[in-house]
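**Student:** Taken in order, these protein sequences are the chains called R and X. So for the first sequence, our numbering puts the first residue at 4; every next one is plus one. So for the second sequence, our numbering puts the first residue at 339; every next one is plus one.
Please keep in mind that the hints were generated in silico from the structure rather than gathered at the bench. Be a bit skeptical, because a hint or two may be false.
[What the hints assert, rightly or not] Taking lysine to aspartate or glutamate and the EDC-like style, the derived pairs with C-alpha atoms no more than 16 angstroms apart in a straight line are:
(1) X:389 to X:498
(2) R:201 to X:354
(3) R:132 to X:351
(4) R:132 to X:354
(5) X:583 to X:599
(6) X:583 to R:262
[Stated by the list, open to error] Which bits of chain R does chain X cover? Going by a derived footprint, with three or more residues having C-beta under 8 angstroms, they are:
(7) 62-68
(8) 96-102
(9) 187-194
(10) 216-227
(11) 236-246
(12) 255-261
(13) 283-289
[Unchecked claim] A short list of chain R residues far from chain X (calculated; beta carbon distances all over 10 angstroms):
(14) 91
(15) 154
(16) 158
Computed from a prediction, not measured in an experiment: that's the story for all the values here. The beta-carbon is built from N, C-alpha and C at its ideal position, and this holds for glycine as well.
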Amino acid sequence: MVERIQRRKPTDDGRRTKAGDAFAVVGRPSSVVAQVAGYTAMAIVIILIGIPVFWLVMGALKTNREIFSANPQWLPLQPTFDNFVAAWNRAPFGRYYTNSLITTVLGASAEVVMAVTTAYALVFVRFPKRDWVFALLLIALMVPEEVVIVPNYLTVARWGLVNTYAGIVLPGASIAFGTFLLRQYFRTLPFELLDAAKVDGAGHIRTMISIVVPTALPAIATTALLSIVAKWNEYLWPLIVTSTQQMRTLPIGIAWLLDQEGNTEWGVVMAATLFVVVPVVLVFLYAQRFVVDGIAAGAVKG
Amino acid sequence: MHIQRLDQRVRRDRREWLTFIALVGPNLLLFVIFTYAPLINNFLLSFSDYKMLTGAREWIGLQNYRDIFADSQFGRIFGNTLVFLSASVGLVIGLGLITGLLLNQKLRFRNAARSILFSPTILSGVAISIVWIYIFDPRYGFLYTVLHALGLSSPNWLTDPKWAMPAVIIVYVWKNLGYATVIFIAGLQAIPKDLYEAAEVDGASVWNRFVHITLPGLSPIIFFLAITTILSSFQSFDIINIMTKGGPINATNVLIFRLYELGFTQFAIGRAAVIGVILFALMLIVTLLQVRYLERKVNYG
């Protein structure tokens, strides 16, 4: 039964056209002209997106002679990995990785656990004024952290958490957006499934862990990936709340390296930039199809 | 017997409520501490003189507001914020719609293209900004290489007050265009096919179908994207701080950067709080527009 439910996609209501249907711009099957325009647009967009990526990778592989040549080269003639070694030695990247990894894992797991429990409670647990709780979360969604960084910094400072992992993670550990995403998904789950669990005598916690979570795994994974990426890339808050090299995370580390080396060492700076980008790209490559689908569906339904 | 059953129900209800509180509590508590309370605290701070070192706080009424509005640069910073915002929103939505329309047909590699398009969204804003500084480098950058090959000279993108704003807008659009395109494609596919079929039977022209079916069908998507792009452009601190630090001569200074400058480089907590209040007011207006719109529920359904 669970298997059948897992296969059921909550976005599919039958009226929507399927991806890949030959139904272009204004509803007519694609003409040759439309197809040519489509492929041209695809090529242009991919080139535009590819250029910075190309320039980044080539820069990291070029020698200084090639980078600072009066006659600029497109490709490195003698590709070298020296820049990576140099970058790793110029700044404490081992520390940066450790800090980024710890804060990302702590922050993202806190978010995912709270998104699941909150969404579950909002959908399946009886409580008077449940809608008010929901409205409170709606308000949180409208207040970006940037607006409240000043008072939050004062709070974290008062608690003595400046320059600690707790100080980096805690203010951003609660989650509104992911809660909405999951709440929406949980509402599409069939109630018979939960009633069956109740008849078996399972409590809420067991129902949540053994039935709702496995069934909603794709949506939870999407939430998790968005959280991981957001924490990994976070810049403003960790910049404010950390004060020593030992506690800096990767984005702050490469920004610091840029300030140090700047226009004099593009190869090293590009190599360091790859240190930040590559892990996220790997995660994305692994998960891209269903993440992109999940986000697109969320926007269309939302 | 009857009383006993009632008693049982009360106990069961209480158990449900306790479960609810246990499940929602931590999330809500964190929001109280780090979102709701600071929002009020920020408002109070904007009327105070706060000494970072001693933590002493003195009520000074509207003085911080007067200081902010008397600052000759504030008008420029506010204007920059609006320019950055409208250019970002306009370009992301306009170009996203065109690309989405062109890609919304049976094309080979479309799914791969969609993932590539989406990828800049997940990359670190800091990393992207650094790469773009190298691209904009007027002597060794990619754009120089292209312009050089064409026999043209390159502007000093990031140090010329005329070019700095366009440069940061280009980077913002590069990062967010693919996301908009992906959302547009999803939106286009959600428009019921039978509407187009009926219109075709009625002999409606391509343009008519676009104006009367596609655009209204996309209106919720356009609105969703406008709101998310506006909110994210208010927050794009990373691009500004890495690429220009608000310069040259405040040419790219926007509200969020000003907040950081005042609060964390000049330690003028009260005045930073004023910028926070202004930012929040702007976002509140945007969100209220969204709520009003959602109440009207303009769509094809």
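**Student:** Confirm or reject each hint.
**Tutor:** Hint check:
1. X:389 to X:498: The hint is violated at about 37 angstroms.
2. R:201 to X:354: The hint holds at about 13 angstroms.
3. R:132 to X:351: Holds. Residue 132 of chain R to residue 351 of chain X sits at ~14 angstroms (cutoff 16 angstroms).
4. R:132 to X:354: 13 angstroms, holds
5. X:583 to X:599: 9 angstroms, holds
6. X:583 to R:262: 12 angstroms, holds
7. 62-68: violated (count 1)
8. 96-102: violated (count 0)
9. 187-194: With 0 residues in contact (Cβ-Cβ under 8 angstroms with chain X), the coverage given for the segment 187-194 of chain R is violated.
10. 216-227: Violated, because only 0 residues of the segment 216-227 of chain R bring their Cβ atoms closer than 8 angstroms to Cβ atoms of chain X.
11. 236-246: holds (count 4)
12. 255-261: Coverage by chain X holds for the segment 255-261 of chain R (4 residues, Cβ < 8 angstroms).
13. 283-289: Coverage by chain X holds here, the residue count being 3 at a Cβ distance below 8 angstroms.
14. 91: Given that every Cβ of chain X is farther than 10 angstroms from that of residue 91 of chain R, nearest at about 16 angstroms, it holds.
15. 154: 4 angstroms, violated
16. 158: 7 angstroms, violated
Going down the numbered hints, you'll see the structure goes against 1, 7, 8, 9, 10, 15, 16, while the others check out.
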